[in-house]
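Enquirer: So you can see what is in the structure, the chains are spelled out below.
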Amino acid sequence: MNDMRPIERATALDDTKISAKGVNVHYGAAHALKDVSVDIGDRLVTAFIGPSGCGKSTFLRCLNRMNDTIPSARVTGRIEIDGQDIYDRRVDPVQLRAKVGMVFQKPNPFPKSIYDNVAYGPKIHGLARSRADLDVIVEKALRRAALWTEAKDRLQSPGTGLSGGQQQRLCIARAVATEPEVLLMDEPCSALDPIATAQVEELIDELRQSYSVVIVTHSMQQAARVSQRTAFFHLGNLVEYGETGQIFTNPRDPRTESYISGRIG
Amino acid sequence: MTDLPLHGAMPEARPARSILDLDPRTRARNRAEARFRAYGLGALLVGLFFLVLLLGSILLNGLSAFTQTRIQLPVELLESELDPQGTRDPAVIGETSSLGYGDLIEAAMVQAVAAAGVPTAIEPGDLEDILSPGAGAQIREAVLRDPSLIGQTVTFDLLASSRVDGYVKGRVTRESLANDRNLRPEHLDIVDAMREAGTIERGFNADFITGADASERRPEEAGMGVAMIGSLYTMLVVLALSLPIGVAASIYLEEFAPKNRFTDLIEVNIANLAAVPSIVYGILGLAVFIQFMGLPQSAPLVGGLVLTLLTLPTIIIATRASLKAVPPSIRDAALGVGASKMQSVFHHVLPLAIPGIMTGTIIGMAHALGETAPLLLIGMVGFVASNYPNGALDGFTSPNSAMPAQIYEWAKRADPAFYERAWGGIVILLVFLLLMNLAAVLVRRRFERRW
Numbered sequence: 001m002n003d004m005r006p007i008e009r010a011t012a013l014d015d016t017k018i019s020a021k022g023v024n025v026h027y028g029a030a031h032a033l034k035d036v037s038v039d040i041g042d043r044l045v046t047a048f049i050g051p052s053g054c055g056k057s058t059f060l061r062c063l064n065r066m067n068d069t070i071p072s073a074r075v076t077g078r079i080e081i082d083g084q085d086i087y088d089r090r091v092d093p094v095q096l097r098a099k100v101g102m103v104f105q106k107p108n109p110f111p112k113s114i115y116d117n118v119a120y121g122p123k124i125h126g127l128a129r130s131r132a133d134l135d136v137i138v139e140k141a142l143r144r145a146a147l148w149t150e151a152k153d154r155l156q157s158p159g160t161g162l163s164g165g166q167q168q169r170l171c172i173a174r175a176v177a178t179e180p181e182v183l184l185m186d187e188p189c190s191a192l193d194p195i196a197t198a199q200v201e202e203l204i205d206e207l208r209q210s211y212s213v214v215i216v217t218h219s220m221q222q223a224a225r226v227s228q229r230t231a232f233f234h235l236g237n238l239v240e241y242g243e244t245g246q247i248f249t250n251p252r253d254p255r256t257e258s259y260i261s262g263r264i265g
Numbered sequence: 001m002t003d004l005p006l007h008g009a010m011p012e013a014r015p016a017r018s019i020l021d022l023d024p025r026t027r028a029r030n031r032a033e034a035r036f037r038a039y040g041l042g043a044l045l046v047g048l049f050f051l052v053l054l055l056g057s058i059l060l061n062g063l064s065a066f067t068q069t070r071i072q073l074p075v076e077l078l079e080s081e082l083d084p085q086g087t088r089d090p091a092v093i094g095e096t097s098s099l100g101y102g103d104l105i106e107a108a109m110v111q112a113v114a115a116a117g118v119p120t121a122i123e124p125g126d127l128e129d130i131l132s133p134g135a136g137a138q139i140r141e142a143v144l145r146d147p148s149l150i151g152q153t154v155t156f157d158l159l160a161s162s163r164v165d166g167y168v169k170g171r172v173t174r175e176s177l178a179n180d181r182n183l184r185p186e187h188l189d190i191v192d193a194m195r196e197a198g199t200i201e202r203g204f205n206a207d208f209i210t211g212a213d214a215s216e217r218r219p220e221e222a223g224m225g226v227a228m229i230g231s232l233y234t235m236l237v238v239l240a241l242s243l244p245i246g247v248a249a250s251i252y253l254e255e256f257a258p259k260n261r262f263t264d265l266i267e268v269n270i271a272n273l274a275a276v277p278s279i280v281y282g283i284l285g286l287a288v289f290i291q292f293m294g295l296p297q298s299a300p301l302v303g304g305l306v307l308t309l310l311t312l313p314t315i316i317i318a319t320r321a322s323l324k325a326v327p328p329s330i331r332d333a334a335l336g337v338g339a340s341k342m343q344s345v346f347h348h349v350l351p352l353a354i355p356g357i358m359t360g361t362i363i364g365m366a367h368a369l370g371e372t373a374p375l376l377l378i379g380m381v382g383f384v385a386s387n388y389p390n391g392a393l394d395g396f397t398s399p400n401s402a403m404p405a406q407i408y409e410w411a412k413r414a415d416p417a418f419y420e421r422a423w424g425g426i427v428i429l430l431v432f433l434l435l436m437n438l439a440a441v442l443v444r445r446r447f448e449r450r451w
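Line by line, the protein sequences give chains A and B.
Mapping of the first sequence onto the UniProt record's numbering: residues 1 to 265, in sequence order.
Mapping of the second sequence onto the UniProt record's numbering: residues 1 to 451, in sequence order.
Among these hints, one or two may not hold up.
Said to hold, decoys possible - Partial pick of chain A residues on the chain B-facing surface, computed with a CB cut under 10 Å:
| id | residue |
| --- | --- |
| 1 | Asp68 |
| 2 | Leu96 |
| 3 | Arg97 |
| 4 | Met102 |
| 5 | Lys106 |
| 6 | Pro111 |
| 7 | Gly121 |
| 8 | Arg174 |
| 9 | Thr178 |
| 10 | Leu184 |
| 11 | Val239 |
FYI, nobody ran anything at the bench for these hints, they're computed from the structure.
Bear in mind the structure is a predicted one, so any value in this text is a computation, not a measurement.
Glycine included, each C-beta is placed from N, C-alpha and C at the ideal position.
Take the sequences, apply the hints, and build the full model.
Expert: Structure below.
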């Protein structure tokens, strides 16, 4: 197995979806993220790698303002999506999160039926005008998440009764059902076995057709497999950011080289 | 690589030992564990023993209140006494007070004693001591209901006096009557003969469950019914106020309130309120609700308000605990798909917390149902309730008592017949508390089984 071998992929570098400039995050007195500037491309998978506590998840949670729910967190700097500042006073984070969906580390389906899990987002955002509309949206989302064939006969059974990998794909279906433009994934495979991981990774590659996907991962193999660009975080700093192939074969920073060769982290 | 120091004293290597024989340390640990288990089992048995003792003594003392001694007495309702003009008009008949039936009862008793064939030295006027002082009123009510009874001889099922009842139940003996002016041993000879003849019988006492409290002289008539209604209205007020206020306050504190000094202060105060003696709430209710706001005394409405104050901290603490127990990942999931804070709380968090909230509420209500001290201070005690309320709404404001206050009232009255009724009241109260606790368990099961 040679998963470390980066895949040569054609990427359009000029199509920026998210642009972060000088982002700093403090949790109380702790300085968790130090002056991070990064441009994330549209219709690409961008992977954030780095050791635990390096700030990659913190940065991910800045992108849909989930850090707002932590009272001690303070975010400075500028993050733009399509040129609009998401920390602008006029931006309602609730509306932003409909545009920037998120999948969490631990599969967290609602304790409701599979159908209701997927339909919840479209319902609260008024995306469906009728029950038939909703049925179509739910089917589409489940098909995209590669869960339709397994779930179509048990849409009314509880989502919590699925296996771990199915639950995570259900969470992905729930996230894509609201038609987001960006999909944030915070270590989506860390609770899954290798088979479920492979399914989710395949799914991520397909989702790239329609979304800008940002994935935080502990597994460098996974970053190499699914992403076109990789950012390496260390101790709250963005150390290096570039084409995935370049990061894994020809890192410019010695810290990156130490990390991917297993000497630190 | 190793973290062990290269120099210095290394601990002696463990002596090689078969795992088949126990070393002294293991034996000592096993003994300690066995001892601890024995202590735990002992503590459990002591607790169980006291519980059995308590329940046993309550049932032993209280069950007799659910039976009552009655006398079948044929009474000749003389027209000349009750309705001399023969009008059969309830207004005219009503002019005869229950005391006016005394002569009829006396004559009936003389006849009954003669029929039983007991020669007695008791004056005819004292024979009616066998009957409850309320017997006259009982006959009068029957006559007013149906005036056509006048002129006939009707057999009434009259309550025996509390001493006769006590004699039938074994509480009163001939010796104990030596110091008792209410009944003489000679009366008991008559009672014995009438029991043999089957005209004095001990039967189930439905009036104890449905009836009202009675005056000091008539313990045989006293019942819990009106106090139960008082408790019911009080609990309605408690439920209607404490559940919405408690749940709203908890949701705000747990999900929305900023974490600062002010909310910390509120939190500490709520925890402390749960430990405030209940009588403090009683005096607060007296000062605020009755003296300042001018609400009526002894009213279940005021009782409910006071008990709401008492129940609120319990409900808030239980609700907050069950909100806290909802995993944060559910909140994240809802926010992640773009739900607002309120949507995430009401669509996802609250439904998961409902079993805990319901259990907390029912336990808090059960606590309030058994609470006596605050009711003493707002006057929901004493002989205040001799009648059912006149209407559904009247029940909130008409003077009433509550079950535990009624029990307290009976327990402090002098007549030992009331003592028996206090125990009986406790049996009824315990049945209600058991039912509420059962409801809490069922609610919890019902909602938790959903997924």
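Enquirer: Now, for every hint given, state plainly whether the structure supports it.
Expert: Hints versus structure:
1. Below 10 Å, beta-carbon pairs count as interface contacts, and Asp68 (chain A) has one with chain B at about 9 Å; its hint therefore holds.
2. At a threshold of 10 Å, the smallest CB-CB gap from Leu96 (chain A) to chain B is about 8 Å, leaving the interface hint in force.
3. Proximity of Arg97 (chain A) to chain B holds as hinted, the smallest CB-CB distance being about 4 Å (cut-off 10 Å).
4. For Met102 (chain A), the interface hint holds, the least distance from its beta-carbon to any beta-carbon of chain B being 4 Å, beneath 10 Å.
5. A hinted interface residue such as Lys106 (chain A) counts as satisfied when its beta carbon comes closer than 10 Å to some beta carbon of chain B; here the least separation is about 6 Å, so the hint holds.
6. For Pro111 (chain A), the suggested interface contact is upheld, since its CB lies about 5 Å from the closest CB of chain B, less than 10 Å.
7. Because the beta carbon of Gly121 (chain A) sits about 4 Å from the nearest beta carbon in chain B, less than 10 Å, this interface hint is met.
8. Interface hint status for Arg174 (chain A): upheld, as the beta-carbon distance to the closest one in chain B is roughly 6 Å, under 10 Å.
9. Using the Cβ-Cβ criterion of 10 Å, the hint placing Thr178 (chain A) at the interface with chain B is satisfied: the shortest such distance is roughly 6 Å.
10. This hint holds: Leu184 (chain A) has a C-beta 8 Å from the nearest C-beta of chain B, less than the 10 Å allowed.
11. With 10 Å as the threshold, the beta carbon of Val239 (chain A) stays out of range of chain B, its nearest partner Cβ sitting at about 27 Å, so the hint is violated.
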